[in-house]
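*Asks:* One-letter residues, chain by chain:
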Amino acid sequence: MILAQAPGSASGMLPTPDVAWSSFAPELVLVVAALLLLMFAITEGRQLLVAIPTGLLAGAAGVWLVTQGRVAPGAVAIALGAATVAIVVGVGERPPLVQAFTAGAAALGALVLSFWQYVAVMAPDGGTATASTLLGGSVAMDGISLFTRITVYLTTLLVIPIGYGYLQDRGVDRPEFEPLLLLSATGMALLGAAADLITLFIALEILSIALYILCGFARRDRRSQESGLKYFLTGSVASAILLYGMALLYVSTGTLDLGAIGTALGLVTTSERVAVLGLALVTAGIGFKIALVPFHLWTPDVYQGAPTNVTAFMAAATKAAGFAAVLRLYLLAFGRLEDLWVPIVAGLAAVTMIYGAVVALVQRDVKRILAFSSIAHAGYATIGVVANSDAGLSGTLWYLLTYAVTTLAAFGCVVAIERRRRGEVALVDLRGLGRTSPALAGILTLALLSLAGIPPTAGFAGKLVVFQAGIAAGFEWLVVIGVVSSVIAAFFYLRLMGMMFLEDPVEGTEVPVVSTGVSFGVAIAAALVIYLGVQPGVLLTLADNAAVLAR
Amino acid sequence: MEASFYGQYGTLGLLVVFGVLFYGLIMTVNRVMRPSLPSPDKLSTYECGVDPVGTGWSQMNIRYYVFAFLFVIFDVEAVFLFPWAMMLEGLDGSAGQPSPVFALVAMFLFIGTLLEGLVYAWKKGVLRWE
Chain H
1 MILAQAPGSA SGMLPTPDVA WSSFAPELVL VVAALLLLMF AITEGRQLLV
51 AIPTGLLAGA AGVWLVTQGR VAPGAVAIAL GAATVAIVVG VGERPPLVQA
101 FTAGAAALGA LVLSFWQYVA VMAPDGGTAT ASTLLGGSVA MDGISLFTRI
151 TVYLTTLLVI PIGYGYLQDR GVDRPEFEPL LLLSATGMAL LGAAADLITL
201 FIALEILSIA LYILCGFARR DRRSQESGLK YFLTGSVASA ILLYGMALLY
251 VSTGTLDLGA IGTALGLVTT SERVAVLGLA LVTAGIGFKI ALVPFHLWTP
301 DVYQGAPTNV TAFMAAATKA AGFAAVLRLY LLAFGRLEDL WVPIVAGLAA
351 VTMIYGAVVA LVQRDVKRIL AFSSIAHAGY ATIGVVANSD AGLSGTLWYL
401 LTYAVTTLAA FGCVVAIERR RRGEVALVDL RGLGRTSPAL AGILTLALLS
451 LAGIPPTAGF AGKLVVFQAG IAAGFEWLVV IGVVSSVIAA FFYLRLMGMM
501 FLEDPVEGTE VPVVSTGVSF GVAIAAALVI YLGVQPGVLL TLADNAAVLA
551 R
Chain F
1 MEASFYGQYG TLGLLVVFGV LFYGLIMTVN RVMRPSLPSP DKLSTYECGV
51 DPVGTGWSQM NIRYYVFAFL FVIFDVEAVF LFPWAMMLEG LDGSAGQPSP
101 VFALVAMFLF IGTLLEGLVY AWKKGVLRWE
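Chains as they are written, first to last, in our numbering: chain H, 1 to 551; chain F, 1 to 130.
So here's chain H without its partners, still in its complex pose (with noise of 0.2 Å):
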């Protein structure tokens, strides 16, 4: 009993943190919407019996929350418990399209509850916004949150219609799909919100372990079985050299909180030298989930072998996450040791973005492309962590949503394509695309131009502002090369234009199958292209209010 008892508390009591429900509404909404999805997927036929009292609990809390004086977040309850008996009553006699409803319907609620939690709680009056820590100092709200919340919710939203036909087609439509994709938005979000290691390793997992599974979906095609089993050998060792780091970390600093790391690492009593290869683990561990070289290895395989439109989530979604991480640590944790860590960060994205787009020049396969395409983006965005300052902070932000809504476009063409193919997409099946379908070689090449960085694309207003923190923090070099880099880059996105617009399409070929559902994501991605290119102003407002970290 001695042992059990708390130091310092008369009564034994442990104490209990106050919990924060704003700071991980929408995450609630997502787990609870799995959990429904998990319940869907064994009551065949009988989904009224779970979608009734489901609607009717979600529909009290709503007006619970309403009568608190909470009326956003209740009508957001309401909506999506009237929501889910709507769509059993509506197509009840098509499971897979309740599913993919009810998980759209979620992702929608989280996305509007996350705006909810800026403009109710973090800016109150408008204007900048106010960080804090929440739950015990586990969970942050702040910028970073706010944005990873934005690009991982609207990732999910848009790539649950783009899969949708394609699962069908390639015949691995099980309903475990969308709470597994849930499940891995909610670590994802977590991981953005992270105030400390356990929470970020915890969050990180939960993220990883349903990806492992999505990869490996498509379980009678070889190639998905590598992709899924190479993810997770790789991600394990991974996840052990990370939690290794942090827990050398912990050694020298005795906390785990991120902030409090961030004072202790520039006190004279730290030891400096288990720090400092607690940094260096971490950097190893945190770089392979964000993909920069050299400990990218896995991307391309475990890219092209994967059900495209989990390539898709991951490039667009997963991305966001492990640099909301990167950022969080590095500039938060890490700070004091910013001798150390931005010399070679720096040469870290700089050999990224050059591997990057070298490797793409002789690859056949698109979606190979789109990987290698994906790393050196990952270098981009590196140098607005290297530029550790607010600017650097809110521009990786902003270039992550930019590059989300970019590769899902493309990602999303590329899932239109292969429906004909029935597997991989090589260079040669985009010939003469521009003839046969130009809507869909009009989006692509749309995206294709926004991953190079042309104006008036996203892309281009992503880069932009990222590369303008690294002048303004003086790493011209740095810049340097990362234009060099979209040059060399903009060559194989041209040539990929090329093969669509300039060679006449091959005797017999069908043209792609775009449904409803890859023709409303793509649609909507493409248009977020242009109005983030055209019209940067809101959201870039928006980061620049939420370039505040939760300290």
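FYI, nobody ran anything at the bench for these hints, they're computed from the structure. Note that the structure is predicted; figures quoted are calculated from it, not measured. All residues carry an ideal CB built from backbone N, CA and C; glycine is no exception. Please note that the accuracy of each hint is not assured.
Said to hold, decoys possible - The calculated label-pair distances, taken between Cβ atoms and stated as ranges, are:
| no. | chain 1 | residue 1 | chain 2 | residue 2 | range |
| --- | --- | --- | --- | --- | --- |
| 1 | H | 244 | F | 46 | 34 to 40 Å |
| 2 | F | 101 | H | 247 | 36 to 42 Å |
| 3 | F | 122 | H | 537 | 50 to 56 Å |
| 4 | F | 101 | H | 120 | 26 to 32 Å |
| 5 | H | 506 | F | 74 | 55 to 61 Å |
| 6 | F | 123 | H | 21 | 30 to 36 Å |
| 7 | F | 86 | H | 223 | 47 to 53 Å |
| 8 | H | 89 | F | 72 | 50 to 56 Å |
| 9 | H | 280 | F | 123 | 43 to 49 Å |
Chain F: place on chain H using the hints.
*Replies:* Coordinates of chain F only, in the frame set by chain H:
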């Protein structure tokens, strides 16, 4: 402080010593009292009821893994249940503490989440051996 620190380990050490002694005592009494009728079946290695065939490197049925997994989930749940049960007694809903009803509902939500996993596995036929 120092003394009580080692004192606590002393309690633990005493428990270990007592446990070993108690185990030895029971096994000795057992050996003295029981009849000894050995047969080939009784003398073979006991492996959870499965005949010990082949070497230790043989492939195991994957179903063991699923069962072990489900067991571990609920085993870990117990780890969370014990401190919760310790805390529940003292909760009174005052001064930033949750009310006991809240704590009860929260724990049942947690158990319910895990139970849904079990129900899912059950409905998917994972628990059937053949």
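*Asks:* Does each hint fit the structure? Answer for all of them.
*Replies:* So, going through the hints one by one against the coordinates:
With their beta carbons about 39 Å apart, residue 244/H and residue 46/F fall inside the hinted range of 34 to 40 Å. The supplied range of 36 to 42 Å is met by residue 101/F and residue 247/H, whose beta-carbon atoms lie about 39 Å from each other. Restraint check, residue 122/F to residue 537/H: a C-beta distance of roughly 54 Å satisfies the suggested window 50 to 56 Å. Under the hint 26 to 32 Å, the C-beta atoms of residue 101/F and residue 120/H, about 27 Å apart, fit the expected range.
In this structure the hint that residue 506/H and residue 74/F lie 55 to 61 Å apart at CB holds, the actual value being about 57 Å. Taking 30 to 36 Å as the suggested C-beta distance range, the pair residue 123/F and residue 21/H conforms, at roughly 31 Å. A C-beta distance of roughly 51 Å is found between residue 86/F and residue 223/H, which places it inside the suggested range of 47 to 53 Å. The beta-carbon spacing between residue 89/H and residue 72/F, approximately 39 Å, falls outside the hinted interval of 50 to 56 Å.
Between residue 280/H and residue 123/F the beta carbons are some 47 Å apart, a value that agrees with the proposed interval 43 to 49 Å.
Hint 8 from the earlier list is the only one contradicted by this structure; the remaining hints agree with it.
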